[in-house]
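The chain contents come next:
There are 2 protein chains.
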Amino acid sequence: MTDSTSHTVLGVALRARGPHLEVLLAGGRLPEARVGAREPLAAALARALDVAPLAHIEQLETRRLRDGRLATAYLGLAPTDAPLDGDWRSELALTPDHAELVAAAHGRLRAKLSYTNVGFALAPATFTISELREIYVAALGHDVSATNLQRVLVRRGELERVEGLRPPGRAGGRPAALFRFASKHLEVTDEFAALRPPHR
Amino acid sequence: MTDSTSHTVLGVALRARGPHLEVLLAGGRLPEARVGAREPLAAALARALDVAPLAHIEQLETRRLRDGRLATAYLGLAPTDAPLDGDWRSELALTPDHAELVAAAHGRLRAKLSYTNVGFALAPATFTISELREIYVAALGHDVSATNLQRVLVRRGELERVEGLRPPGRAGGRPAALFRFASKHLEVTDEFAALRPPHR
DNA sequence: TCAAAAGTGTTCTAGCTACACCCATGG
DNA sequence: CCATGGGTGTAGCTAGAACACTTTTGA
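Chains A and B, in that order, give the protein sequences.
When we follow the working numbering, the leftmost residue of the first sequence carries the number 1, and every step to the right adds one.
When we follow the working numbering, the leftmost residue of the second sequence carries the number 1, and every step to the right adds one.
Because the hints were derived from the structure by calculation, they are not lab data.
Beta carbons are placed, not taken as given, at the ideal position from N, Cα and C, and that holds for glycine.
It cannot be assumed that every hint is accurate.
Stated by the list, open to error - One side of the interface only, derived from the structure: several residues of chain A facing chain B at Cβ under 10 Å:
no.	residue
1	38
2	43
3	59
4	72
5	98
6	193
Using the sequences provided together with the hints, build the complete structure.
Here's what the structure looks like:
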């Protein structure tokens with residue numbers, strides 16, 4: 001026990017859900033994770049919350065919350081098929097602190113989708129380009145062309161073809177090739193890249 | 001006095017100095033700033049360190065230092081003519097914690113120079129394009145063309161002409177136009193911009 | 001045979017870099 | 001008058017957007 005026992009951690013988890021991003025907060029109310037002496041902050045987070053479903057975690061910001069507690073917020077990203085059912089629940093009425101941190105989390109994700117391979121943390125293990133496109137649309141908040149998305153990510157070496165095809169649904173259509181992310185750890189794939197919204 | 005008295009703040013100040021970036025740390029050793037109850041973190045920083053010479057401050061990362069203390073690190077940017085003489089001193093032998101935070105600070109600055117007007121925090125009140133070019137070279141770590149730097153920053157509306165010319169030195173040369181930054185607060189001037197290093 | 005979905009090839013364009021050239025001053 | 005540093009105009013390049021067209025399936 002140290003004299004910094006009141007420091008808490010707060011998780012903001014994002015997951016692509018249809019055309020939108022689903023926002024989940026750790027615990028519903030702020031978790032009361034206490035940071036032990038000499039324990040890295042990430043370890044305290046993992047001890048306080050169920051981070052197993054999260055494919056990527058990064059620190060957002062440390063702030064004094066309006067209720068007086070000092071809290072470090074984290075951005076967690078979950079694949080579409082991840083079970084976020086334990087500590088994580090969506091809040092309908094966000095406190096001002098929550099709303100600001102959610103906005104920061106969303107902005108961070110948007111930016112990193114452009115110049116890193118962070119998509120790996122939102123996508124399931126294998127996926128079609130159409131499925132990946134839906135995830136990018138949800139996270140970026142604007143339309144994305146499947147054609148160009150594939151070309152850009154393959155050129156950067158983020159995507160790999162995987163054996164097999166996804167058969168079409170009842171409506172027909174050509175079977176879709178399956179892909180996976182080449183790496184499941186955050187990498188800066190193109191420092192200067194940008195995925196821009198459509199021109200109009 | 002709360003039970004979070006051991007939380008400290010650590011300042012990493014950067015200032016362009018000739019062809020290089022000068023790195024200064026707050027206090028020499030880590031400052032022992034205590035964070036009071038319900039006090040915003042930035043206020044604790046300002047109370048602990050002399051931040052008056054810094055034209056911009058932003059939070060970097062909160063981590064458990066190797067000596068056990070929980071510390072929030074800040075990036076501070078100072079204009080070339082700012083007096084950084086009080087709390088701030090350059091450390092020759094950096095601890096591993098310091099070195100990592102300095103690298104993070106430098107990376108953050110490099111990135112933001114591309115898509116924000118953060119140059120305002122490194123430049124003096126008015127300057128010639130040549131002087132600004134030197135600052136960008138120091139911060140980015142690669143050559144920058146004065147020609148293109150001017151065009152890019154003027155197009156984005158970051159730079160404004162200011163009355164008057166800087167007379168040439170003894171070697172002669174055309175007098176240089178004077179500029180200033182249109183805003184002295186951080187703004188995202190072009191979300192997708194990139195200042196790239198020379199091709200070869 | 002046609003609609004639907006996936007994939008390919010090509011053109012277009014914004015925003016940068018590169019470079020040749022012109023301007024104003026000191027000695 | 002020429003060296004020096006500042007400024008302008010324009011061409012070139014590159015990554016990504018746009019779009020027309022081809023492929024493969026179900027019914």
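Outcome of the hint check:
A least Cβ separation of about 5 Å between residue 38 of chain A and chain B falls short of the 10 Å threshold, and the interface hint therefore holds. Annotation: residue 43 of chain A was flagged as interfacial toward chain B, and the flag holds, the nearest CB pair being 9 Å apart, inside 10 Å. Look at residue 59 of chain A: its Cβ gets to within about 6 Å of chain B, closer than 10 Å, so that hint holds up. Here the hint on residue 72 of chain A is kept, as its CB sits about 5 Å from the closest CB of chain B, short of 10 Å.
Violation of the interface hint for residue 98 of chain A is found here, the shortest Cβ-Cβ separation to chain B being roughly 17 Å, above the 10 Å cut-off. The beta carbon of residue 193 of chain A comes within 8 Å of a beta carbon in chain B, closer than 10 Å, and the hint placing it at the interface holds.
Hint compliance for this structure: hint 5 alone is broken.
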